[in-house]
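Hey, can you work out the whole structure from these sequences and the hints?
Chains A and B, in that order, are what the protein sequence lines are. Just so we're aligned: 83 in this note's numbering is position 83 of the first sequence, and the numbers increase by one with no gaps anywhere. Position in the second sequence (first residue = 1) + 1000 = this note's numbering.
Simulated from the structure, these hints should not be mistaken for laboratory data. Backbone N, C-alpha and C define an ideal beta-carbon position, used for all residues, glycine too. A few of these clues could be false.
[What the hints assert, rightly or not] If the Cβ cut is set under 10 Å, some of the chain B residues that face chain A in the computed set are:
1) 1021
2) 1025
3) 1035
4) 1223
5) 1226
6) 1227
7) 1228
8) 1238
9) 1239
[What the hints assert, rightly or not] Covered stretches of chain A (chain B as the covering partner; in silico rule of three or more C-beta atoms under 8 Å from a C-beta of chain B):
10) 82-92
11) 104-115
12) 123-136
13) 165-174
14) 196-205
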Amino acid sequence: MVTARPLQKSGPADRSERMGRLFEPALRTWTALVYAFLFLPIVLVVIFSFNASRLVAVWSGFSFKWYGTAWTDPSILDALRVSLTVALVNAVLATVFGTLAAIGMQRVGRRTRTAFELMVYGTIVTPEIVIAIASLLFFVTINVDLGIPTIVITHVVYNTSIVALIVRARLVGMDRTLDEAAADLGATPLQTLWRVTIPLLYPAILAGALLAFTFSFDDFVLTFFVSGASSTTLPLRIFSMLRFGVSPVVNAIATVMLVVTLTCIFTASLIVRRHARGDAEGGLLLAAARSASQREVA
Amino acid sequence: MIRRPLKLVTAGAGGVLLAPAGVWYAAFFVAPLGFILVFSFLTSADYGGIEYTFNLGNYPQLLTHPIYLRIFLNTMGMAFSGTLLCLLVGFPLAYFLATRAGRWKNLFLVMLIVPFWTSFLTRTYAWLILLSDNGPLAHVLRQANLLHGDLGFLYTYKAVLMGVVYNYLPLMIFPLYVSLERLDKRLIEAAKDLGAGRLQTFWRITVPLTTPGILTGCLLVFIPLTGEYVIPAILGGAKSYMIGNLIGDEFVSAHDWAFGSALGMAVIVLLMFLIAVYFRVARRATTAEMSL
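And the structure:
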């Protein structure tokens, strides 16, 4: 039987107390170390993108010259153009498809919904490499030339699911009486959708669109397999530059990509936070992780 | 005006709304997966392409050639050790966030997301710079006289493992944080009042009650990790070659589409099996939690 013996000095309680004294600083140190681990590499890339020296390890003064080099390299500019085109078209399509799907999922029978959920989770769970080679096989077999359209098509599959999940998370907490009121007041289903449901959902839709843009802008694996000779995106360009060794120009491009993706993500999470009710702390990923963990355990 | 129930107003509209995404999924997700299923039973032509002759030999090839089996086992090993390491590194951090972060909690959480949302390629590339033989780390160590010669860390199993932990850690921490935050702190106090030590409380109260979060975190890390392609391609060498790289190479350089398709199907089946196991274990864990 376990009993508490607070008066006895050299018992387990004492050991526990000593551990307790060590526990707090250890926990704090560990947290600091992990955060350093997470940030150190990124910070280094940004710092060395401003390094005047060609060497990666030696700092020899501040310079913008690698940005200049990147900016005047036509192959890099081309890649940027392709990346932006793909990401934009993908974001528009995925947002429309995903939003409509999220709303539609609430309005169909249980079986259709389950089947559709299977699609949404299936696209997210299937490893990217498998989707990539499956799409490659598919396009080549039906004789479609690889290029920007095939990249967009493949990206939209995954991003539609992302948008649908984000919009759905907001939809679940939303009051449906407004839809009902609109219908009662004589609005057609289309009017209700366009003038009531979608305006209420717009923060989630915007956040989903930004995420879709970012994922696409950043994607490597899918793009690598379904791109053609004239459709090199920025991540593909970085990857091929890496084969010739580390170069400060890559640091500059990586920093630019960092700024672009972070801007999108921060805007998205700000929008979600401003418009979410209650505890939307932590923004998007937390919401996603939460819904994922609650779903999967339920 | 007659009040029409909402069901009537919106019935039928749902199908129309699902149509665009549904058509897209069918054409560009289900159909391609169907293609690799079919191709996995066909014969590869020389120099890429496919011959439409039925062939059952692609799957046995996977099992009979020791090299493929070894890559499969390697991948599983990497996925298990990567997941375990994420759990070990992430748990104390999630515990700190859930119990000690106080009013800085939101800032800490956002700071976890920031590296997670930066370009995947950039993050992995960052480690390539940091760990290269003439990179900053080697430089600092040489200055401090702690290192002579090369660092020799890149292109090893350890480098890939580190890249994996770096990239997947937030996926582990978030579900852990959520279940730790939901944990009723009174139970811990009660355990202490009843004379349980710190370790005892941890193993008998905290761990069982956060099992759903632990399982979810492990699943969120394990699944994408099984199909990982970029990290071994950048940080890894011959020994850290994973199944994702093998699949990719069957299409990029080996041009054995039929076998590559069989590999892809094998990964899908394996993941479906793991997810099914997860659901069984998770259900048992939640019922155990409820009965506590």
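We went through each hint and held it up to the structure:
1. 1021: Status holds, d = 4 Å.
2. 1025: 5 Å, holds
3. 1035: 5 Å, holds
4. 1223: OK, holds: residue 1223 (chain B) within 10 Å of chain A, min 6 Å.
5. 1226: Result: holds, 6 Å to nearest chain A Cβ.
6. 1227: It holds, given that the least Cβ distance between residue 1227 (chain B) and chain A is near 2 Å, below 10 Å.
7. 1228: 8 Å, holds
8. 1238: The hint is violated - residue 1238 (chain B) has no Cβ within 10 Å of chain A, the shortest such distance being about 16 Å.
9. 1239: 19 Å, violated
10. 82-92: Per the Cβ count (0), the hint is violated.
11. 104-115: Result for this restraint: holds, n = 6.
12. 123-136: holds (count 13)
13. 165-174: violated (count 0)
14. 196-205: Per the Cβ count (0), the hint is violated.
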